[in-house]
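Asks: In case you want the letters, here they are:
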Amino acid sequence: MPENQIELIAHLARRAGFGATREELEEYAGIGYEATVDKLLDTSSPKWMSEYLIRRYHPDESSMLAGLSGLEAWLYRMITTDTPLLEKMTLFWHGIFATGYPKVLNAKPLSDQIRMFKKYAMGDFRNLLVEMAKDPAMIIWLDNQQNHKDSINENFGRELLELFSMGVGNYTEDDVKECARAFTGWTIGNCEYMELRSARDSDWPYGRISWHYEFDANDHDNGEKEFLGRKGTFNGEDIVEIICEQEATARFIARHIYHFFVADEPPVPQWPYQAPRDPEAIDQIVQAYFDNKYDIRSVMKFVFNSDFFKSEDCWYEKVKSPAELVTGVMRLTESVDRPQYEHSSRQLRMQYMGQTLSNPPSVEGWDGGTTWIDTGALVERMNFASEELGRVETPGSNELFNKIAFEGSGDIDADRIVDICLKHLGTINVKDDTRSKLVNYVSKNGVIKVEDQGIDEIGKEKIAGVVKLIASTPEFQRA
Amino acid sequence: MATQGLEQGQSLRYVRTVGMTTMRGRGFYYPIDSAMSNSGRLYVLSRSFERAVSDSMRVTMLNEDGEYYGVFGSAGIGDGQFRWPCGIAINDQNRVFVTDEYLNRVSVFNESGEFLKHWGSGGEIDGMLNGPSGIVFDQDNNVLIADSRNHRIQKFTSDGEFLQSFGEYGNGDGCLNLPWGLGVDQQGEIFVADWGNDRIQRFTPNGEFVAKYGSPGRQEGELIKPAGVIVNQEGYIYVADWGNERVQVFGPDGEFVQKIRGQATNSEWAEDFLGVNVEEAGARERANLEPDIDYFNDDPHEESSHIEKLFWGPVSLMLDSESRLFITETNRHRIQVYERDN
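As they're listed, the protein sequences go chains S and V.
Take the first sequence: its position 41, counting from 1, is numbered 58 in this note's numbering, and each next residue is one higher.
Take the second sequence: its position 310, counting from 1, is numbered 679 in this note's numbering, and each next residue is one higher.
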């Protein structure tokens, strides 16, 4: 099997998932690139660690009293899923429709929102926008419960246009107002009580109560509206329909897709002033969006099969987000097969790296790219990856030792050790300079010998040292 | 509340709710099991969670009228501390035993909550533990423990001396998959909430398989991940049908008898809270706490998250000396009490 084919599929696995083990990559290579894309896009029956099992051992992942509960369950899902693209798409939409705990102050609706993203992540973009507009956490996050027919609140309407669909400069202030009018009456049930409980961060007397969407017909503005040059008695669904027809929407979503899946773009606020890195690729994604009638799965199929995605020019051109890094590392260890007391700390480590899911820095989400890297975050990223991958007792490490032992008895060449380790960690293609340093490290630490019983404990620690070093390389920290 | 085939006096009738959510002190925080001493003192074990404050992981002492006697225990690995506390039981000398499914040990306290000792260690061989969860005393005052991750039941003396083990991983008769709650009937037969296999299994006092009840599903008589089981004096089997967010009653031969979904009201402690938080009490009064909405996947877990009076995480069952049934709900941080409708 050609190594360059496996390397291309490794690139796909890093972008459409969280990376893959060598065994997974060889399995993918066996069916070919395009079939692998189809396999990754098939999200019809995802499997992950049983929700019942998670709830049994982590009751706060069930009823979610504490702030940011639900994230550990999401991390379990990302680590154990057999359908990684679905989780990546969920992360993608969460980054755009960024909703945060500090204002919502009820973790269950935030967790429900993530579940909603998963359900609609890869379907018709119109459905996703409508469900997002009805999402109780989003309603509270952007004050739509205060958007009344006699007194509009523009917050949701403005962000729908600016951050969720079209981008700045493609609509007028009047469009914002008319948009807001169309969403009057879109609120949550028991609004007074639920808002008060959130304001007081009250979980008394019997814990949190989930929220539900409610349409208040008496508070909805049924009058005629003029929106983006069209006139009618538009409601929220009509507004979404019009938005999705706009080229600006297609272009905005295309750039987001490029930024998340292909190569890092500048932060969103700079987009009106800075051309895309690859304008031709954006044009092609826009065309795919219209050709496929806003179907996101089809758009993603086009992207993953495109020349611009496959091009080596974009390999390792994305810095992994903390969520991607932590998930990818834990998947490689193959050690998370049941709920673990230590799991909570992994989610905290992600926070120390600069990303707290369901708590974005602003309504604009995370900037991504090189903004993930500062001195503190980089040390945390390297430490986490090294610590977890350097544990000699994990199933992932054992597989690596077995692979090296399979080389046969006697001293194993330093070059060969580095090769096997790089392949084991997802077929990482490091620069020549990095590689020579890794080989030098192995050579300096003495030979690694395979005996009849396999590799001894000292040898395992030496190999773990190589793995730790690789986990610190720029190539491993990037996707 | 659906019932069928009930003998006189076996139908369950709601009585009251006990407890409320608090992170510390008077109240519960993810209660996972309860037990009652000979003197009627109620011990409620709060599981809490990993990131919570240390003293949220505790045992709360009270009586069923809400009279509060204090707490003991906290999060940690020292004497008298817990990490993943899971089961609580009291022997005939009013010693309080608490299992810890992370530390693989059983901590023992006196009736006042003073730490006495702990025993047990992690491992797979007989007498060692891997995830001890449910705990109950048999008629000989020996202790039975659901050794969950070893998929077996182990019997010890009160001092932790190993006596017997039965069960192994699997789904055949007598095999177990992550067993949780345990019950012992008047004849000393052992009932196991075979959580991973969605059924209750019944064993002789020596651990021989007798019968199994329930199959996976949401219909009457079916079970999803049962967490607790207890048997009354007449042999009726009460099951905390945890994954279906309900309690089911089976007859002595395992036939379906009744299911209850919960009907909590404000406990005395809840009334105290609402009495001094009048703004919140007013808004609560005006709210519709039983909304008629579509739930995600028709999942009772979701329904319970929206409708507060329903069971949410019914995990353990206890009968008092008057045969009243105490149902501990993890996610609603309370106990609903039912009595037989005579």
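One or more of the hints may lead you astray.
[Said to hold, decoys possible] In silico negatives: residues of chain S with every beta carbon more than 12 Å from chain V:
#  : residue
1  : Gln22
2  : Thr38
3  : Trp221
4  : Arg225
5  : Ser227
6  : Ser352
7  : Tyr358
8  : Ser361
9  : Ser403
10 : Asn415
11 : Glu416
12 : Val456
[Said to hold, decoys possible] Heads up, simulated DSBU-like pairs for lysine-lysine below, C-alpha to C-alpha not over 30 Å straight-line:
#  : chain 1 : residue 1 : chain 2 : residue 2
13 : V       : Lys581    : S       : Lys64
14 : V       : Lys678    : S       : Lys136
15 : S       : Lys120    : V       : Lys581
16 : S       : Lys440    : S       : Lys485
17 : S       : Lys454    : S       : Lys466
18 : S       : Lys477    : S       : Lys461
19 : S       : Lys136    : S       : Lys56
Worth flagging that the hints you see were computed from the coordinates, not collected in a lab.
Since the structure is predicted, the reported quantities are computational estimates derived from the model, not experimental observations.
Quick reminder that beta carbons are idealized off the backbone N, C-alpha and C, glycines included.
Asks: Please list, smallest to largest, the hint numbers that this structure does not respect.
Replies: 3, 4, 5, 7, 8, 15
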